[in-house]
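These protein sequences, in sequence, are chains A and B.
When you line the first sequence up against the numbering used here, it's residues 12 to 317, in that order.
When you line the second sequence up against the numbering used here, it's residues 45 to 403, in that order.
Straight-line distance between alpha carbons at most 30 Å, and here's what the computed DSS-like set of lysine-lysine pairs gives: (1) B:K286 <-> A:K302; (2) B:K287 <-> A:K302; (3) B:K287 <-> A:K298; (4) B:K286 <-> A:K298; (5) B:K392 <-> B:K51; (6) A:K302 <-> A:K248; (7) B:K367 <-> B:K88; (8) A:K128 <-> B:K367; (9) A:K298 <-> A:K248.
Here's a subset of chain B near chain A, in silico, CB distances under 10 Å, partners left out: (10) L49; (11) L182; (12) T193; (13) L205; (14) R210; (15) G322; (16) F332; (17) Q370; (18) F372.
So the derived label-pair ranges between C-beta atoms look like this: (19) A:L86 <-> B:P321: 27 to 35 Å; (20) A:A17 <-> B:H388: 53 to 61 Å; (21) B:F152 <-> A:G13: 49 to 57 Å; (22) A:A189 <-> B:P321: 46 to 54 Å; (23) B:F152 <-> A:V252: 49 to 57 Å; (24) A:L173 <-> B:A277: 35 to 43 Å; (25) B:T99 <-> A:K298: 53 to 61 Å; (26) B:R54 <-> A:R170: 45 to 53 Å; (27) A:L270 <-> B:G239: 48 to 56 Å; (28) B:R54 <-> A:V252: 45 to 53 Å.
Keep in mind the hints are simulated off the structure, nothing from the lab.
For glycine and all other residues, C-beta sits at the position ideal for the given N, C-alpha and C.
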Amino acid sequence: MGALEAVILTIITASTPLLLAAIGELVTERSGVLNLGVEGMMIMGAVCGFAAAYTTHSALLGVGAGLLAGVGMSLLFAFLTQTLMTSQVATGLSLTLLGLGLSGMIGEGFTGLPGIKLEALNIPFLSDIPFIGPVIFGHDILVYGSLFIVAGVAYVLFRTRLGLIITAVGGNHHSAHALGYNVLRVRYGCIAFGGACSGLAGAYLSLAYTPQWIENMSSGRGWIALALVVFSTWLPKRLLVGAYLFGTVWIMGLYVQALGVDIPSQLLSSLPYLVTIVALIIISGNKTLTKVNTPACIGQPFAPER
Amino acid sequence: MILVLEKRSRRSQAMVWLSPVLALGITVVIGGFIFASLGLDPFKALYIYFIDPMTSLWSIEELIVKAAPLVMIGVGLAICYTANVWNIGAEGQLTMGALFGSAIPIYFTDWQSPLVLVLMLVLGAIGGALFAAIPALLKNRFGANEILTSLMLVYVAQLILDWVIRGPWKDPKGFNFPQSVSFEGWQLLPLLGEGRVHLGAVLALIAAVLLWVMMGRSLRGFEIRVIGNSPRAGAFAGFAQKKVVLFCFMLSGALAGLAGICEVAGPSGQLQPVISPGYGFTAIIVAFLGRLNPIGVIFAGILLAISYLGGEAAQVELGISDKMAQVFQGMLLFLILACETLIHYRIKLAPGRGAVKEA
Numbered sequence: 012m013g014a015l016e017a018v019i020l021t022i023i024t025a026s027t028p029l030l031l032a033a034i035g036e037l038v039t040e041r042s043g044v045l046n047l048g049v050e051g052m053m054i055m056g057a058v059c060g061f062a063a064a065y066t067t068h069s070a071l072l073g074v075g076a077g078l079l080a081g082v083g084m085s086l087l088f089a090f091l092t093q094t095l096m097t098s099q100v101a102t103g104l105s106l107t108l109l110g111l112g113l114s115g116m117i118g119e120g121f122t123g124l125p126g127i128k129l130e131a132l133n134i135p136f137l138s139d140i141p142f143i144g145p146v147i148f149g150h151d152i153l154v155y156g157s158l159f160i161v162a163g164v165a166y167v168l169f170r171t172r173l174g175l176i177i178t179a180v181g182g183n184h185h186s187a188h189a190l191g192y193n194v195l196r197v198r199y200g201c202i203a204f205g206g207a208c209s210g211l212a213g214a215y216l217s218l219a220y221t222p223q224w225i226e227n228m229s230s231g232r233g234w235i236a237l238a239l240v241v242f243s244t245w246l247p248k249r250l251l252v253g254a255y256l257f258g259t260v261w262i263m264g265l266y267v268q269a270l271g272v273d274i275p276s277q278l279l280s281s282l283p284y285l286v287t288i289v290a291l292i293i294i295s296g297n298k299t300l301t302k303v304n305t306p307a308c309i310g311q312p313f314a315p316e317r
Numbered sequence: 045m046i047l048v049l050e051k052r053s054r055r056s057q058a059m060v061w062l063s064p065v066l067a068l069g070i071t072v073v074i075g076g077f078i079f080a081s082l083g084l085d086p087f088k089a090l091y092i093y094f095i096d097p098m099t100s101l102w103s104i105e106e107l108i109v110k111a112a113p114l115v116m117i118g119v120g121l122a123i124c125y126t127a128n129v130w131n132i133g134a135e136g137q138l139t140m141g142a143l144f145g146s147a148i149p150i151y152f153t154d155w156q157s158p159l160v161l162v163l164m165l166v167l168g169a170i171g172g173a174l175f176a177a178i179p180a181l182l183k184n185r186f187g188a189n190e191i192l193t194s195l196m197l198v199y200v201a202q203l204i205l206d207w208v209i210r211g212p213w214k215d216p217k218g219f220n221f222p223q224s225v226s227f228e229g230w231q232l233l234p235l236l237g238e239g240r241v242h243l244g245a246v247l248a249l250i251a252a253v254l255l256w257v258m259m260g261r262s263l264r265g266f267e268i269r270v271i272g273n274s275p276r277a278g279a280f281a282g283f284a285q286k287k288v289v290l291f292c293f294m295l296s297g298a299l300a301g302l303a304g305i306c307e308v309a310g311p312s313g314q315l316q317p318v319i320s321p322g323y324g325f326t327a328i329i330v331a332f333l334g335r336l337n338p339i340g341v342i343f344a345g346i347l348l349a350i351s352y353l354g355g356e357a358a359q360v361e362l363g364i365s366d367k368m369a370q371v372f373q374g375m376l377l378f379l380i381l382a383c384e385t386l387i388h389y390r391i392k393l394a395p396g397r398g399a400v401k402e403a
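Just chain A, with the same shape it has in the complex:
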């Protein structure tokens, strides 16, 4: 395998979990809900995915378990913020704290065990083409899945009635309600979708990125995914570019170190976090860019009048 090939492959593996988690959160936020629990849902997806795959010897069942774990966590959040109308910021935070604790407890028995790796799809003939084969046709189902989800979300948001309803609910929930749409039901759905995507992102970490369970293995990716959504100005297209940019930054440190450049490894490890801050500054400073697509009702609770 050539060096360029290896670099491209690692960029894709580093970007996929960010992309998955961020596209889910993008849909959640489009419906006017800010779920800060991405990190917690992701880590639960990681531990449940690993545990299921390890016990059943099937990576695909692991992916399914990760997805369900994410959905389960997100429904907790949905019940509190939508039905009980709690503060979304505080509830999201508590979801992350709960997820980190629970995952540590569930995962305790699985630390250090050999994982089940999610194998790359082997597409006949195409995967054998030199260079193009491994780079384009040599990935696992979640890598393709993530791209498919992004395309699907873009299609649904901008080309379907459902997309218009979601945007309307996020833009002005009182008007949407007056028009007869069930605001809470739309939001429950979007929150669950976000949870599913975060769960998949976690499963990707523990089944494909590093096929094992390590405590806190999401190491802030959920938070970076949240920043990515802001960075994308709520557009799936920009999100795709952003996720791959961040994925590149994430692994750049490893390569710089491998080249033997004399920089403290800690500085390189802190790059993704610093770049996230810089990205937030750049995008937030540009008011015209952010204003257009920001869901106007984001973070506000909705109480239907009866």
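Dock chain B against chain A, hints included.
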């Protein structure tokens, strides 16, 4: 049948104080079920977890040692959240405070004078405040989301600590262990009594009382509450929102930094790669459990300290994961928020959609 929330005509004063108690009760009950599902006697397990830590002098001292940083950070965060300013990077500010304060004993190892301790504490607070000023300034200047920036800086601070402790600040005589020189004499916080309780506990109490006075009696406190409740009303009253953001961040950062240097100059006695077991994050729960009231935070801090101690005791005596503490803490915050709804709403069961159709 579906669940329906009915708005109370006014907020229920009883629920203001009852809701955290209710949340705590439900947490304990769920905890009992978790213990039972692990095959343990739930009553014995709960006793070991929540009551045992308060039965011996040793563990009560340990409780105070753990509650001190939680209260100190928690009161600062309570002020922030009252103003709707979301500092969730206290763990990073704690780390920075520890680093700033430790600079004195590490660079002037032989300097012994009461001044050393004062300087360390002041530097610790400054370090935390400066580090907390970053997300505040970014929010004010560029509108960058302070939740995300303050959290990102936690990772950055921990990596800086990791770097100095394995690099320039490593104890030259420390057999290559990643730790600084051991602090001695005036480089350590004086102990109160025989045990491990140190001056930090007193500082935490003073901070809580001072902030309680500030919130209740001063214009600044009023300003913070108005801006938190209604930024528009605050703007009409001529309150400078940006100033409040910066003030809240730097205040809570200073307290977190102070807690950091107190950990290093107290229980740990030297700079190590891990300074706190997540006090900065647990303090978020402390602030909410204390209903964002500085005096309430004192009790909340003690309670969360029990969850740490109980976690250790349960690990030793019952052989269950020390992660249980984190699970309890997360669950508690979740339930506090859920029960807070009862302050403004009454929960009722109403006939579901199906029933309406039949009628």
